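J.: Throw the hints in and build the complete structure from the sequences for me.
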Amino acid sequence: MAFELISAIDGAVSQGVLSLRSPVVTKVMVFFTTIGSPQVMVFFTVALLVVLMFKKRTCDAVVVAISMAGGLVSELGVKQLVQRARPENGLVHASGFSFPSGHATMSLIFFSLLIWVFKDEIENTVWRRMFIAANILFFALIGLSRVYLGVHWASDVVAGFGLGLCWVFLTSVCVRMRGSKKSRHVRR
Numbered sequence: 003m004a005f006e007l008i009s010a011i012d013g014a015v016s017q018g019v020l021s022l023r024s025p026v027v028t029k030v031m032v033f034f035t036t037i038g039s040p041q042v043m044v045f046f047t048v049a050l051l052v053v054l055m056f057k058k059r060t061c062d063a064v065v066v067a068i069s070m071a072g073g074l075v076s077e078l079g080v081k082q083l084v085q086r087a088r089p090e091n092g093l094v095h096a097s098g099f100s101f102p103s104g105h106a107t108m109s110l111i112f113f114s115l116l117i118w119v120f121k122d123e124i125e126n127t128v129w130r131r132m133f134i135a136a137n138i139l140f141f142a143l144i145g146l147s148r149v150y151l152g153v154h155w156a157s158d159v160v161a162g163f164g165l166g167l168c169w170v171f172l173t174s175v176c177v178r179m180r181g182s183k184k185s186r187h188v189r190r
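Adding 2 to a residue's 1-based position in the sequence shown gives its number in the numbering used here.
Please keep in mind that the hints were generated in silico from the structure rather than gathered at the bench. All values derive from a computational prediction rather than experimental measurement. Treat each hint with caution, since some may be false.
Straight-line C-alpha distance at most 30 Å; calculated DSS-like pairs for lysine-lysine [stated by the list, open to error]:
1) Lys81 x Lys29
2) Lys57 x Lys121
3) Lys121 x Lys58
T.: Right, here's the structure in full:
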């Protein structure tokens with residue numbers, strides 16, 4: 003029953019997206035889907051790791067590495083477990099299984115961690131809020147681009163965001179727990 007409801011919603015969203023397609027919007031969506039591609043995400047992640055290591059923020063670098071690696075491994079594992087077919091006739095080529103969206107998973111992890119790592123360095127409240135909003139907009143548009151381009155169902159993207167959020171939450175909890183253990187040892 004639940005799967006039938008999800009499939010019906012996915013079909014309705016896909017049909018609705020068809021009516022929104024235009025050459026200009028398609029170019030914008032291809033741009034955002036490219037940002038969320040595995041190659042670009044790997045490049046951005048390596049660049050972020052280099053910056054963090056240069057700044058001697060080893061703990062943050064470890065969090066980024068574990069989150070991105072964990073997100074990738076779990077996303078690929080779920081794809082193999084579920085083996086959901088992609089929508090037909092996408093506007094761009096996509097291979098492999100559909101559920102969950104790897105673009106959505108990895109972009110949510112990356113851009114959320116970018117917020118987590120750098121937001122406190124931005125002293126101006128307006129600029130900090132713009133930085134946070136821009137990062138949220140990036141992963142949201144990457145997820146939307148996957149549905150718009152017809153290579154994922156809406157539920158694939160929602161599941162990808164959920165999986166990414168789990169990794170961000172898991173790593174942030176681990177960092178907080180580690181930090182509280184360190185502060186208890188320092189007080190003794």
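J.: Now look at each hint and say whether the structure bears it out.
T.: Status of each hint after checking the structure:
The straight-line distance between the Cα atoms of Lys81 and Lys29 is roughly 28 Å, inside the 30 Å bound, and the hint therefore holds. Restraint check: the Cα-Cα separation between Lys57 and Lys121 comes to about 15 Å, which is no more than 30 Å; the hinted pair holds. At most 30 Å may separate the alpha-carbon atoms for a hinted pair to count; Lys121 and Lys58 meet this at roughly 17 Å.
Consistency note: the structure conflicts with none of the earlier hints.
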